[in-house]
Amino acid sequence: MRALDWITQVLEVVAALAAAPAFLGWLNQCRAWLQNRRAPSLWLPYRNLHKLFHKEAVIADNASSLFRIAPYVVFGAMVLAAGIIPSMGTRLPLVVSADAIALVGLFAAARVFMSLAAMDVGTAFGTMGARREMMVGFLAEPALLMVIFVASLISSSTALPAITENLASGRIGLSPGLAFSAVAFVLVLLAENARIPVDNPATHLELTMIHEAMVLEYSARHLALMEWAAQLKLFNYVCIGFALFLPWGVARGHIGPVGLLVAIPALAVKLAAAGAGLALIETVSAKMRVMRIPEFLATAFLFAVLGLLVHVLLGA
Amino acid sequence: MELLLLLALPIAGAALLGVIGAGRRAPEINAAFSLGTFLASCALTARVIRHGDLLLAGEQFFIDPFNVFLVTLTAFVGLTTALFSRPYMRVELDHGRLTPGRLRLYHSMYQLFMFTMLLALTTNNMGLMWVAMEGATLSTVLLVTLYRTPASLEAGWKYFILCGVGIAQALFGTILLYVAAGKVLGAQGVTALLWTHLDAVKGQLEPTVLALAFVFLLIGYGTKVGLVPLHSWLPDAHAEGPTPISAVLSGLLLNVALYAVVRSKVLVEGSLHSELPSMMLMGFGLLSVVLAALLLWRQRDIKRLFAYSSIEHMGIATFAFGMGGPIANFAALLHMTVHSLTKSSIFFTAGHAAQKSGTQLMDRIRGLITLSPTVGWGLMLGSLAILGVPPFGVFTSEFLILTTAMRTQPWAAPILLAALAVAFAGIFSKVQPMVFGETNARRLPHAPALLPVFTHLAIVLLLGLYIPPYLADWYRAAAHLIGGP
Amino acid sequence: MTHLPLDQQMLDSCAALLLLLSFAMLSQRRIVTLVNLYAVQGAVLAAATLLLAWRTGEGHLYLSAALTLALKVAFLPWLLHRLIRRLEVYWDTEPLLNVSGTMLAGLLIVVFAFALAQPITLLASTATRGAVGIAVSVVLLAFLMMITRRKAMSQVVGFLSMENGVFFGAMSASYGMPMVVELGVALDVLVAVLVLGVFFFQIRERFESLDLHHLESLKEHE
Amino acid sequence: MITISPTLLTGCVALLCGWVVVGLAGLLRPGSLRFAGRTLFPLGALLGLALGLLAGASLLGGGTERLILPVGLPDLPMHLRLDPLSSLFLLLLGASSFGISVFAGGYFRQGEGALPGLLCLQYHLFLASMGAVLLADDAYGFLVAWEVMALSSYFLVTTQHRIPEIRRAGFIYLLMAHVGAICLLLCFGVLQGGSWLFTFDAMRAAHLSPGWAAAAFLLALLGFGAKAGLVPVHVWLPEAHPAAPSPVSALMSGVMLKTAVYGMLRVGLDLLGRPVWWWGLAPLILGLLTIFYGVLFAAVQTDMKRLLAYSSIENIGIVFTGIGLTIVFEGSGLETVAALALLATLYHCLNHSFMKSLLFLGTGSVLHATGERNLGRLGGLIHRMPWVAWLTLIGTLAIAGLPPLNGFVSEWLLLQSFLFADHLPHAFVNLLIPMGMALVVLGAALAGYVMVKFYGVIFLGQPREASLAQAHDCGWLERIGLLWLALGCVALGLFPLQVIRVLGAVTGQLIGATVPQASSHWWLLAPVPGRPVSYGPLVFLTATLAVVFLTVLAVRLTYHQRVRRAPAWDCGFGGLTPRMQDTAEGFGQPIRHLFQSFFEIERELPAPADRAPRYRIAIRERIWRLVYEPLSNAVERLANIAARVQQGRISVYLFYGFATLIVLLAVALMS
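Residue numbers (my numbering), protein chains in the order written: chain A, 490 to 805; chain B, 38 to 522; chain C, 755 to 976; chain D, 2 to 672.
Honestly, the hints are just simulated from the structure, not real lab data.
Heads up, a few of these hints could be off.
List time: in silico DSBU-like cross-link candidates among lysine-lysine, alpha-carbon distance up to 35 Å [as the list claims (entries may be wrong)]:
{"hint": "1", "chain 1": "B", "residue 1": "Lys239", "chain 2": "B", "residue 2": "Lys220"}
{"hint": "2", "chain 1": "C", "residue 1": "Lys973", "chain 2": "B", "residue 2": "Lys239"}
{"hint": "3", "chain 1": "B", "residue 1": "Lys467", "chain 2": "B", "residue 2": "Lys393"}
{"hint": "4", "chain 1": "B", "residue 1": "Lys393", "chain 2": "C", "residue 2": "Lys973"}
{"hint": "5", "chain 1": "A", "residue 1": "Lys759", "chain 2": "A", "residue 2": "Lys776"}
{"hint": "6", "chain 1": "A", "residue 1": "Lys540", "chain 2": "A", "residue 2": "Lys776"}
The calculated label-pair distances, taken between Cβ atoms and stated as ranges, are [stated by the list, open to error]:
{"hint": "7", "chain 1": "D", "residue 1": "His427", "chain 2": "A", "residue 2": "Trp495", "range": "40 to 50 Å"}
{"hint": "8", "chain 1": "D", "residue 1": "Arg621", "chain 2": "B", "residue 2": "Ala455", "range": "24 to 34 Å"}
{"hint": "9", "chain 1": "C", "residue 1": "Asn852", "chain 2": "B", "residue 2": "Leu93", "range": "54 to 64 Å"}
{"hint": "10", "chain 1": "B", "residue 1": "Leu41", "chain 2": "D", "residue 2": "Ala206", "range": "33 to 43 Å"}
{"hint": "11", "chain 1": "A", "residue 1": "Ser530", "chain 2": "D", "residue 2": "His424", "range": "46 to 56 Å"}
All C-beta atoms, glycine included, are put in the ideal place defined by N, C-alpha and C.
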């Protein structure tokens, strides 16, 4: 472990914290442009967070302390995830302490806490949101894991750094299994981050909403943490995508100043592209009925498993 | 000397009770005679342990490990049953189901029955054995009809005719044996019917005739064992007679009959050197187990239920004897022992249960455990024991039998497995609601006589956990004597 | 067959007579006659035993002949007749299998019985071994009769004649059994009939008749 | 002859006897609840703790001890043996029974149906018999202990025998147990291989032909599966576990099922010697089926204890999947991987015994506080009974398989071993196993769903009944019990490396291979041979806590801490009632909708005009209609046919005799 590794680690986390809202802002801008609307400012998410932190927190009478703890736990989990994913370098101290399965477990923990918090107040919307979130989760998680397993089988390790290094080394050319799982991954990403066509982040009090329904009772700093956590989640997913499918630019081996100088711009470029891409998808597709969501995710799961089988069939 | 006591006491008891059997103290006298018999049997046992096999009274009586343990068992169960019947029959008398006259008949016939069974066990003379077996039927047939209800009369009639006809076949078989032996041992004289002599020369006896003889004997004594399809009399007789009689019929008479079958099997197998006898025994055994297990599902009368369970267990023992070999024989002997102990104790509790709730119909017997915990637990534990649940002794024998079957007769193992499962469901689904659940019956004034029940269960439990070495040696010796493939 | 000694011929004819008698019993429906036939059977049996005794000079055979005479010719028929009169059962109802059918079955049984008797005949050393087959068929015919009858009384007669058959078997195959056994057997038969007597009255006082269809209530199959 | 030397084994035996004595002591004052609850149960708990310690010691020692007691069959005295495998499960028994017994001491109330003293006897007999099962080293002793275990638990299950459903549950339970036991009996009959010695040593020595060996394995799978609750012989489990008093449910689910796993391992990996690889497919496939089946039914339950029972079925599925993998790998010569799979299996057994006991005890407290088992009448209890709520939360998160708790570790290990599928030489299996992996993952995710439903509906939200306001938190004995188990969950989650070191002895014994530890750090779990994979739960915890701490700090410094309480927002239409929350049915609805074909559903929908609309839904397992009812009907039909034989006519009976005579005579003549 060299000092620069630690520095990079911290840098990575801080970058994630800082860039997550901006990435959301960028995504919204792209969407607005594609829909011929005047785009909101890139910094709007920051202002929102700032505003929320200022406000006085209002908590329902019936809320237990679980309700107040949850935002911090969720936020903490997302930050940790940001530290785990090798978005800049592969030999970072936190990165070795967990593999992809643990990462998925981390996301699951965050989800469970969020749902429990949503059920805590005991309103119709809260429980509804929790139920739907878990429904999305129990299909999305396996799909995500399957995606990861394809990559793990290819580079015979479930550790993200190992996968990244292996793929970045360019030893593996275009693998059909990987292609399948890439499709699955995008579907999962949309579902997990409450994007269209699964959920509509822009609306409130609509009977089809999922994420918003869960955080309906939150206000002020708790809401801010929840929102921030959500943005981090999106950011993390995108980074996972990079780690699995576009590992270029990530510094391999112990990182040096040069590697760092390469890694940061590369990440920025990839993020910009990803944001645009997501915006495009969200624009061309329409929100679907809640009961259709399982089918959507089942497709994702199917793609992932297919990817696995294809890899085993061709690979073995 | 011991033998004389053993046989004389019951006769004397029968005679005496025939006179004063209705008196106030008659039950105690009955018990006292049984006690005497039991002590005599113990003495005899001790002597056998000390000196080995005995030939007495001009070779007319022969005591070896095989029958001495049955003698002890018979005397013991006879004693406990007498103890049980003391209060039980009193209650029956109070309920007006009996008249003093019949009570006299009951007592004297009870002793006579004990005598015939002991005679059948101890005699060395196949002919005398036949006489004794027939005597056992005759002495019990009037006990079965003791209540004079239509059902009991019918049961008694069937018991009499079927067993009588069966036993007649046995007589013919005995004659054939005699003829065959006469060829070897010199036509005339008593020796040709003495088991010891027959056993000595069994190698030279003419196979075909012996095969025929075995068939006749098997049909004859098998009828009394209650082997399907000769079993038809058994459930009726066991269900309709007074409970003590059901207990001794099921617990002892079946054993004695099976003893007779096995004795003849030994001779025949010795001369035939073929699978025939064992195949026949195994066939009868399996058939009995399967049919009884199935019929258990349809029972409504508690004593009838356990009568069928007796058929099932006799089937198991017969099957084991059929398999032969030291382990299977050992297991079969053990099974005879534990079955007679367990089954008699079950009949005791069943009798009390029926008395307490005034009916033998099982769907009217409920919540025994609240009505009278001892009876409830007695019935529950007894049933579990008879179903072959450890740590009771029945499991021990079934363990040996099933493992042996799995190795030597794999084709039979699945059948036994299914049959035992069916039997378990059949019995337990009926016992559980009787023991547990709510009840509206009121407690009866008199306390049940459950000392015998728990003595038996305790012994069975002991046999499940630990078999005393000398007992084990007995069984081994007997098993060796029976031999087989 | 021509120059058989006289007693031998008589014995054989006795055997033949026994067979004939059991066929007669098989077809007979009048209970009184049935009992008489049984008595005759007993008499023939006694005669045969006597002949054998005279021929072999076996002491105990005289005794068993006497026993047979006393028990099966005199006492039991008398007892049965008495019962019949007391209980007014004179006729048996139509047998389960009609007469001709029963006869046919009987014939088959006789054939089978002779097949069965072969090995025994070969083994036995007695002059009368030929008759073993007849003994077997008497037993089996009695069995058949018990199956086909509906009245308790006639079943009992069947039972007794079966016992006769067994006795004749013992006689012809090995000049009878040891004395102890024969006494025991006789005792048993005697007791059996006495018990039966008691029985009949019990049944009677319940059902007012000795028809067996009263005794078919204990069963599994509804 | 016994030679009493102060070995660990004699110590264990003494402790088991101690349990029996404690149980019998209950009969001294059968009526007194204080005596049983305050004295005997804690005493039994201490014995359990001691047992756990002894077992742990022998596990660390890794040695094997033998003892012969002069009871049992004449030529088969009772052999006892303490080796790593049995000591591991003894450790499990002792450790979790400590918590459960302490809890039970505070739990049992008057009017449980049976006398406290009797309960105490049955309870401790149950414990002792389980211990005996683990120690037995000969078939006879094993089976006796096995059935005593079933019997005592049966009596515990039917404690409230006045309720017909409970009687039915007990009956089904004992029947299945007995059938299973007979299968085991036959299995041992095969295993002794004609040597007629029923000691396990003789069985290890016996050489079986492949056919016999496979037969033995399948019989064992059937017998032990029936006890463990493997689909399709699981039907007794969802009936019996809810019927029993909660501590007993906890014991049955947490420990008794594990004895079945122990037996499976003992026979499959020890007595049978080296298994053939394709044997493993049977437990593997059945296990996967069981996972899916169990978790689906758990998701749609409305009775909290039934829900937990089905979740037990799911976890047993995971365990058997692990066993299957182990056998497949070992049979194919991949010892280290097999060791990894076995490690996951054993680890999951430990985890499940702690988690599930914790949850069952939690439901027990809820049951006592509210008298309700139906999820539809609970809710908001976290305010009334904080102790139970927070401790149960740990169990919930653990069983949902979330890091850094223990449930995650075993699933992680299992998935890691799955990822070696491509090393197998059997092409088709290579293809199958990834599918299996998908099922496992799906099951794990669904388990999360189930647990959120379980916890959220019971403890969170608003109370669905007014009566819940009277609910009270549990007593101190109960708290200790819950606390112990919860700590167990956390410890097993945070120190996997240490646990695995201990488990190494067992894998060494059964497979002859242990899993290498790649990393040098004491906090980093890296057990996967030849792969740079690692997992450090402590890092998770510390990092998360650090972040939370920093966030709180930052918010507090830069902003303020003002909080105002207000009624929950009712979207402006007013009148927010508890009835508006999801019921258990509602929460399960998506699953029900997605997997309709699995369930047998009957609905009662309200008519449009109803004044008081009611909605009722009952869900049964199809397997009853498809397998068990036809089976019993078939027996009924056979019984009716058999009854024709017995139709009352004496002539017919005589004819039977006659026919038999003729036939047999003919046979005798022929031969």
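Outcome of the hint check:
1. B:Lys239 x B:Lys220: Holds, at about 12 Å.
2. C:Lys973 x B:Lys239: violated, 42 Å
3. B:Lys467 x B:Lys393: Status holds; Cα separation ~17 Å.
4. B:Lys393 x C:Lys973: holds, 26 Å
5. A:Lys759 x A:Lys776: Given that 35 Å is the threshold and the Cα spacing comes to 26 Å, the pair holds.
6. A:Lys540 x A:Lys776: holds, 29 Å
7. D:His427 x A:Trp495: 40 to 50 Å: For A:Trp495 against D:His427, whose Cβ atoms are near 46 Å apart, the range 40 to 50 Å holds.
8. D:Arg621 x B:Ala455: 24 to 34 Å: Given about 26 Å between the Cβ atoms, the range holds.
9. C:Asn852 x B:Leu93: 54 to 64 Å: holds, 55 Å
10. B:Leu41 x D:Ala206: 33 to 43 Å: Given a distance of about 54 Å, which is not inside 33 to 43 Å, the answer is violated.
11. A:Ser530 x D:His424: 46 to 56 Å: holds, 54 Å
The earlier numbered hints that this structure contradicts are 2 and 10.
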